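Given next are the chains, with one letter for each unit.
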Amino acid sequence: MSRTLSEADSKALLARHGVPVPDERVVATAAEAAAAAIEIGFPVVAKLCGDAITHKTERGLVRLRLGDATAVEEAAAELLGRATPDDGDVGVLIAPMVQGNRELIAGLHADAQFGMTVMVGIGGVLAEAVQDVSFRLVPLTRTDAEDMLDDLRTATLLGPFRGEAAVQRDKVVDLLVGLAAVAVAEPEVVSVDLNPLVVTAEGAPVAVDALVEMAS
Amino acid sequence: MTPACRSVERFRPMFDPSGVLVAGASTHPGKFGFVALHNILAGGYAGKVFATNREGGEVLGIPCATSVDDLPDGEIDLVFVCTPASANAELLRRCAAKGIPAAFVTSAGYAEAGEDGRAAQDQLVALTDELGMVLAGPNGQGFVSSPSSLCAQIVAPIPPPGRIGVASQSGNFVSSFMNYAVQTGVGISRAVSAGNAAANGVADFLDFYAADPETAVGLAYVEGIADGRAFADRIRSVAERRPLVLLKGGASAAGQRAAASHTGSLASDDAVFDGMCRQHGVTRAATVEEAFEAAATFATQPLPRGPRTVVMTTAGGWGVVTADAIARTSLELVALPDDLLAAIDEHLPPRWSRNNPVDLAGGETRDTIPTVMELIARHPGVDSIVYLGLGIQSNQGRLMREGPFHPDHGLERIVAYHERQDARFAEAAAAISERTGKPILTATELAVADPDNAGPAAVRASGRLCYASSNRAVTALDHLWRHARWRQRRGLALEPSSAS
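Chains E and B, in that order, give the protein sequences. Position one of the first sequence corresponds to residue 33 (our numbering), numbered consecutively onward. Position one of the second sequence corresponds to residue 7 (our numbering), numbered consecutively onward.
Next comes chain E alone, as it looks inside the complex (with noise of 0.2 angstroms):
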């Protein structure tokens, strides 16, 4: 049996191992949310955050593009309305509005032959049909990260694309090699989907959701 971390506690496990994640913060009240949104600067993004709640979009507990206090206020006001006694204890995430034409998807996940394997791949709602991934055993080395980018099929996406710059390699070979990290020193770590792992006009991979799979 296993059981998920919230977005927040997920994404606060990855970072402490070197998995980039966006600035953001967890409140309990709507007045909050509006000061941390102030603090993280407009657009932002605010999500009704909890241990049991895997399935956000869903069940429309995710607002987008909040442009200002107000805004982030209500947004904030109607997402606690919204939790079920069955969510337990829930807050907000507050999250800058992470915009990009490119996503990818990240992972861990434990094989029942060769043990945790790290993925990337090309990701999005797409990612299962389109099915252009590379995996490697943990350990992982750089070079090994480095190797996964060049094994993708639809590596124009990499490169310069629509506008926006070419993917910063070395930014999604560091949260790669964090995400092994994170396999190596947390053993009770069974799976980690960082989808989509939106890529900025810059080039900079972020991981705008994060699912951390613990065995209990």
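No wet-lab data here; the hints were simulated from the structure. Don't take every hint at face value.
Claimed, not checked - Heads up, incomplete: computed chain E residues facing chain B, CB under 8 angstroms, no partners named: (1) H141; (2) G147; (3) S223.
Said to hold, decoys possible - Sample of chain E residues lacking proximity to chain B, with all beta carbon distances greater than 12 angstroms (derived): (4) A44; (5) A47; (6) H49; (7) I72; (8) K88; (9) G113; (10) A115; (11) M129; (12) A198.
Keep in mind that this is a model prediction, so the values were computed, not measured. The beta-carbon is built from N, C-alpha and C at its ideal position, and this holds for glycine as well.
Following the hints, put chain B in place on chain E, whose structure we already have.
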């Protein structure tokens, strides 16, 4: 002593024995005990050959002892076991008492035969451990060892000697690879069917090949792998010392499983296995011919230092298709540097392509092909050459030779000239490759359509592979470059040490 050295010494009596005993020799030409003895003798094994069976007598001129006890001491290193499983424990004890250090067991009735068989196999392993014997099999089809001219197998063929080391979980794939060796002339150093792999499996034999001066490249077929991590570590250690080509059965089995995570649902067995191979420098081939041709290329060509590839052709269309094939790989169809363009201009009429592919456009005189090939190969901006069009002249020559006018009208002379030229081009490709340390791959369908054509025949005589199509040459070259790049990125020497 490194582990590799230990493994060399452990398998040495099996692969290079001073004498071989066929236990269970039979007078019936349909039985393993006859076929094994026949193949050992037909293969020209230089050491002493002994045989035992219950009745005594003689098989194929070899007198059969009724007991191992009656054989001389210290003259036998390998027992090739063709007796029923039930007789083997007693047999192996007597062999050990004679000082025989290695056994290849063909007998069936072990782990492949259910519960009782599994128990018998465990006892077999325990017994050979206790006796200090190296055990291959059981239920294996045998092995070949070219340096000792030893064909200790119950299947065909006898491959030409060479530098490819084969290890397989399936005996029939050993035959397949060896059949390709016979067809192409690119030969085999050792080849073993691991059978049930009770004590020694594919990874153990590959470990031996990685330290074997006679073997330049490993070629393996695997299906099930008991311990993925251990297997991965073993084959990485092999790939660091020798190129290793792997063909895996069951790639599509299991496939995607229902998983909680997106990552998990994308983690097919095949995708993970593929990543494991790439991470560990192992060349994974999709088909049996691709596997053999990759291994044959590793065995006979230097590793490229980079991806920059030039296609050299005597006709336009072939070059275009080959350029397309290169575009699908990690290789680069390099733009011809200006100084190279100028140098080639000196030797070709103005209508040549002045581009890569280098299309000679029928402008060649007697020496053009070797001259231009050497110019390209010597250029520091070029890493590899794919050469197309070999054998055209001899193909016309054959038509003339077999037509109604030969040998009159000057046909005898022109046919001989055509054939000399094609042989020369093939020899030049091998010699220039050797001089420059760069791969030069020659591709023509005549390699299979008319293997006796002077062009492909001369490629075979040079010890190299004549590729049946340019895309197969490109696929093989891509495998070489990927392995070379893996070594470069990890600071490993491009030329693996010849032995340890």
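Status of each hint after checking the structure:
no., hint, in the structure
1, H141, "4 angstroms, holds"
2, G147, "6 angstroms, holds"
3, S223, "4 angstroms, holds"
4, A44, "19 angstroms, holds"
5, A47, "19 angstroms, holds"
6, H49, "17 angstroms, holds"
7, I72, "27 angstroms, holds"
8, K88, "15 angstroms, holds"
9, G113, "29 angstroms, holds"
10, A115, "23 angstroms, holds"
11, M129, "22 angstroms, holds"
12, A198, "19 angstroms, holds"
In summary, this structure violates none of the numbered hints.
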